[in-house]
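2 protein chains.
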Amino acid sequence: MIDISRSALLTDLYQLTMLQAYRQHGQEETAVFEFFVRKLPEQRGFLMAAGLEQVLQYLEELHFTAEELQWLAGTGKFNHDFLDYLKDLRFRGEVHAMAEGTLFFSDEPILRVTAPLPQAQLVESRLINLLHFQTMIASKAARCVLAAPDKQLVDFGFRRAHGAEAGVLAARAAYLAGFAGSATVAAGPLFGIPTYGTMAHSFIQAHDDEMTAFANFAATNPGAVVLLIDTYDTEAAAQKVAALAPRLHQRGITVKGVRIDSGDLAENARRVRRILDQNGLHDVTIFASSSVDEYLIKEYSDDLVPIDGYGIGTHLDTSADAPYLDCAYKLQEYAGRPRRKRSEGKSTWPGRKQVYRHYGDNGIMLNDVVTVVDDLRDGRPLLQQVMHDGLRAQPEPSLTALREYAAQELASLPAPLCELGREPPYSVLISESLRKLAARLDSAKLDDAYDLPRVQ
Amino acid sequence: MIDISRSALLTDLYQLTMLQAYRQHGQEETAVFEFFVRKLPEQRGFLMAAGLEQVLQYLEELHFTAEELQWLAGTGKFNHDFLDYLKDLRFRGEVHAMAEGTLFFSDEPILRVTAPLPQAQLVESRLINLLHFQTMIASKAARCVLAAPDKQLVDFGFRRAHGAEAGVLAARAAYLAGFAGSATVAAGPLFGIPTYGTMAHSFIQAHDDEMTAFANFAATNPGAVVLLIDTYDTEAAAQKVAALAPRLHQRGITVKGVRIDSGDLAENARRVRRILDQNGLHDVTIFASSSVDEYLIKEYSDDLVPIDGYGIGTHLDTSADAPYLDCAYKLQEYAGRPRRKRSEGKSTWPGRKQVYRHYGDNGIMLNDVVTVVDDLRDGRPLLQQVMHDGLRAQPEPSLTALREYAAQELASLPAPLCELGREPPYSVLISESLRKLAARLDSAKLDDAYDLPRVQ
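If you read the protein sequences in the order shown, they are chains S and R. Just add 1380 to wherever you are in the first sequence, counting from 1, and you've got the working numbering. Just add 1380 to wherever you are in the second sequence, counting from 1, and you've got the working numbering.
One thing to keep in mind: the hints can contain errors.
Copies of the same chain look alike in the list, so a pair counts if it fits in one copy or across any two.
[What the hints assert, rightly or not] Calculated cross-link-like contacts (lysine-lysine; reagent style BS3-like; alpha-carbon spacing at most 30 Å):
| id | residue 1 | residue 2 |
| --- | --- | --- |
| 1 | Lys1457 | Lys1467 |
| 2 | Lys1419 | Lys1678 |
| 3 | Lys1467 | Lys1816 |
| 4 | Lys1531 | Lys1678 |
| 5 | Lys1457 | Lys1816 |
| 6 | Lys1726 | Lys1620 |
| 7 | Lys1419 | Lys1726 |
| 8 | Lys1419 | Lys1816 |
| 9 | Lys1620 | Lys1467 |
| 10 | Lys1419 | Lys1467 |
| 11 | Lys1636 | Lys1457 |
| 12 | Lys1531 | Lys1620 |
| 13 | Lys1726 | Lys1467 |
| 14 | Lys1531 | Lys1457 |
| 15 | Lys1678 | Lys1457 |
| 16 | Lys1636 | Lys1419 |
| 17 | Lys1816 | Lys1636 |
| 18 | Lys1816 | Lys1531 |
| 19 | Lys1726 | Lys1678 |
| 20 | Lys1467 | Lys1678 |
No lab work stands behind these hints, which were simulated from the structure alone. Computed from a predicted structure; not experimentally measured.
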C-alpha cells in the first residue's frame, strides 16, 4: 500500500527516468541545487520561509518500499540494475537553509541541497511541494497578523484546504506566522497547535428555537461558550444572549463571546457591541468570520470596528489573492563547476550562494546582499547548515520557538511592507562577484561552463 | 500516531463540541445535510462533480482510534460519557449523490447525507474538504479538455499542489475530466493513472554538453524519448535533435518528441516545427509547458500553433483563476421537519431535494429543475443512492468508467459553455413546490419551522 504522505513515489516520473540515466552513465558527482522564488506575486512585498521541518523529515525518511519497487518494475520503464540501486537509495546530503519564519525576497535561495546528483535530483518534486505551500500560507498569514497585531486570529480553513495534508500544514504555517491557533483538530496532536471552535448554524437549526440551542451548548461546553448569532436575525440573537448570560452566570458559566458569520460584518459588529454593552456584557467578545482576509482586517482595524478576533478560512488556506509562488529548485553547480540555466525569462544566478542581511540602528531591516558562498561579508548570513550526511544537524526546534522567531522577524520589517504595500520594494543587491560569475558563464559561449575553473 | 490522511480528527473542533451537546441533550434524530455550490466563480460556466469515491471511503472507515480518544481526553474539553460514545461512533447513514463526472451548477445539491444528527454533523469538515478540491480541479481540467479536445494533456502540478494528498487527488480529478495522465508517480499505483515524464533542465545542465545529455537519456530510456530543448538555445537544440534522431534510429530508438518550457511557446513551437520538418522528423511531436492554462490552450488551438500536447501544472493544481468554490454543506431537514438558514446573503433552499435534467433532441443539455424529493418529475434525476447504512450501495466504479462518463457529460454541454464562456448561463429552475416550502418556512415567523407538518 502506498502511504499518501510518505511514499517515495511522491515525485515526478522524470526524476526516475533521469536517475536511471545518471546511474547508467555514472553521473553521481556532487550537485548543488537551490530553492528560491523568482519573482514575488504582485500582492506580496515579502515572503516568510516555512516548511523546512517537513522537508528534513522527508529527507531523513526517504526510501523505496518493496511494494513501490514492485510497482516501478511493473511499468517496464526501469531496468533491474536501477531498481536494485533504488532499493538502497537514501538521502545522504547536506542542507543549508533559512530558519522557518525568516522573511525573504525574490532571487534569494532559502534552501540549498548539496548531494550526489541522483539524490539531489530525486527529492526536487516533494521538496518544492512542501516548501511552496507552507511558505505561501505563512506569508499570507503574516499579512493578516500585521493587519491586526492585537486581534485573535484563528485558521478556519480546513474545509477549503486542498486535502488533509494541506489542512494540517496550513494550520502549522499560520500558527508559525502568529495566528492564535486553528479549528483543525488534527493540528493539535500533530503539532501542538491550540485548537478553537464555536458552533455551526446547523446546531442552531437542529433546535426548535435559538435560545434552547444557546442554553444547551453552554450547559455542555461551559468552558468555551462562544455563541453563533447570525442564523436568523443577528440583533434578535444578541438580545437573547443578553437575556441568557445572567442566567448562565448564576450557574457559574460565562459567555465568552459571540460569532457573526454573514452580512456586513462591521455594521453587524457595531450593532451587536451596542446591545451587549447596553446589557453590561462588556467582556463578551465579538468574533467574526466569512470571507475574511488581510484587506478586510486592515480596513476594519483602521475603522476601529469592535471585532476582537477573526476566523480566517478560505482566503488563508488557498492564499486566494496570490494562489501560487513562482518558485524553483535549480541546479547551480555540478561536479565542482557552476551551472546556469539561460531559458528565456527563466535564467538563474549560478553557483552556491549566501544571503547577508543588514539592519539599521533601529533594528529594522535595511537591505540584503546575495553573493557566492566564498565571498564572505558583513551582515547576518541567513542560510545555515541544517542537515549533515542526511541527518538533522540540530534537534528539531519547537514550533513555539519558531513562532517567537517569526514574530521577531516581523518586528524588523520596514514600515511600508508592514502596511501590506510593495513600494518602495525591499532592496536585494546582487553582489559583484555573483554578477561576474554569471557573466563568465554566459561569455563562455558554450552549452555549459565546462572550461571554467572548478570552485571550492 | 495520527494518520494524516485518515484520522477522525480531520475535522473542526466545533463538530466535536456540538456533538457533545447533541449527545447530552439527546439530539440524535435523523438529519439531512446537502452539499452544494452557492454561486459559480466568475470564471466558470459549469462545474464537474468529483471526489465522491474518497468521501465514501472516508465514511466507511471513519472511527476514533484509542490514541485519538486519549488526545481528546487530554484537552479537558470532553466528558467521559462523550468519549465513550465516540469510541463506538461509526457512520451508518445514507448518501445520495451525483456520479463523479456529472456537470452541475449553483444551487444544485451534488450530495445528500441522511443520518442521525451527530454522524451527519461530524463528517462535514472532511466531506467538504474532499468534494471541494476535486470538484474544483476536475472543473478546471474539463475546461482545458474543451479548449483542445485533440491534444494530449498531462498534469504537471505536483510540485505546486498543496501537499501530497492534493497532488495525487489533483492527478485523479484531471484524469477523470479527460487528461491523458499525470507526471505524479504515486497517482499510478494509487489510482491506475498513466504516468508521463520527460526530463528537467538540471539533466541537461549536469552534462558537459546538451547533445551528450540527449544521447545519454535516449540510450537509457529508449521507450520514452522526449527531449527538453530550451535550456540554452531552443532552435540550436532542435537542430541537435535533428542531427541525433537518425543516429538513434539506426540503434532502433525513436525520438518521440521535444518539450519547450519557456519563452513564447507559440513562436518557439513554430520555429521548432519548421526545423523538425525540414529534417524529415514529421512524427516528432512538440510538447509545451510553463504557465499553461485553458485560455492559452484555446488561443493556440484557434491559431493552429503546432503543439501536440501540454503539461499543465500550477494553473491546474491551484485552479489559479478561481482558487476556491463558494460551497456549503447545510442542514436542510431535522427530525422530519425542513430547515432553512436565513443568514444575510447565505440563505438556503430547504428540504431534501432532487435535480432533474432535461435534454434537447440533439442530446444537448437544455435545463435543470431543482425540486423537493417527493415532487416526482420527468427528466433525468441526477442524485442516486450511493450509500446505505454506512456501506457503499454499489461496488466502486473504475476510474476509467467514470472518465468515459465524464466525457459523455462534456459532449452534452451547450456550445457557449464549451467555448469557456458564461453567457447565456445554463438554466437552473427552482420548482414551485420548493419555492412554496421556503416561503412557508419564512412566513412561519419563528426561529424555525417547528409548527410545519412533518415531511416523509
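Against the structure, the hints come out as follows:
no.: 1; hint: Lys1457 - Lys1467; in the structure: within (16 Å within a copy, 46 Å between copies)
no.: 2; hint: Lys1419 - Lys1678; in the structure: both (25 Å within a copy, 27 Å between copies)
no.: 3; hint: Lys1467 - Lys1816; in the structure: neither (42 Å within a copy, 66 Å between copies)
no.: 4; hint: Lys1531 - Lys1678; in the structure: within (11 Å within a copy, 46 Å between copies)
no.: 5; hint: Lys1457 - Lys1816; in the structure: neither (42 Å within a copy, 62 Å between copies)
no.: 6; hint: Lys1726 - Lys1620; in the structure: between (60 Å within a copy, 22 Å between copies)
no.: 7; hint: Lys1419 - Lys1726; in the structure: within (10 Å within a copy, 38 Å between copies)
no.: 8; hint: Lys1419 - Lys1816; in the structure: within (22 Å within a copy, 54 Å between copies)
no.: 9; hint: Lys1620 - Lys1467; in the structure: neither (66 Å within a copy, 35 Å between copies)
no.: 10; hint: Lys1419 - Lys1467; in the structure: neither (38 Å within a copy, 50 Å between copies)
no.: 11; hint: Lys1636 - Lys1457; in the structure: between (61 Å within a copy, 15 Å between copies)
no.: 12; hint: Lys1531 - Lys1620; in the structure: within (26 Å within a copy, 61 Å between copies)
no.: 13; hint: Lys1726 - Lys1467; in the structure: neither (35 Å within a copy, 54 Å between copies)
no.: 14; hint: Lys1531 - Lys1457; in the structure: between (55 Å within a copy, 24 Å between copies)
no.: 15; hint: Lys1678 - Lys1457; in the structure: neither (54 Å within a copy, 33 Å between copies)
no.: 16; hint: Lys1636 - Lys1419; in the structure: neither (44 Å within a copy, 34 Å between copies)
no.: 17; hint: Lys1816 - Lys1636; in the structure: neither (62 Å within a copy, 39 Å between copies)
no.: 18; hint: Lys1816 - Lys1531; in the structure: neither (48 Å within a copy, 44 Å between copies)
no.: 19; hint: Lys1726 - Lys1678; in the structure: between (35 Å within a copy, 24 Å between copies)
no.: 20; hint: Lys1467 - Lys1678; in the structure: neither (53 Å within a copy, 44 Å between copies)
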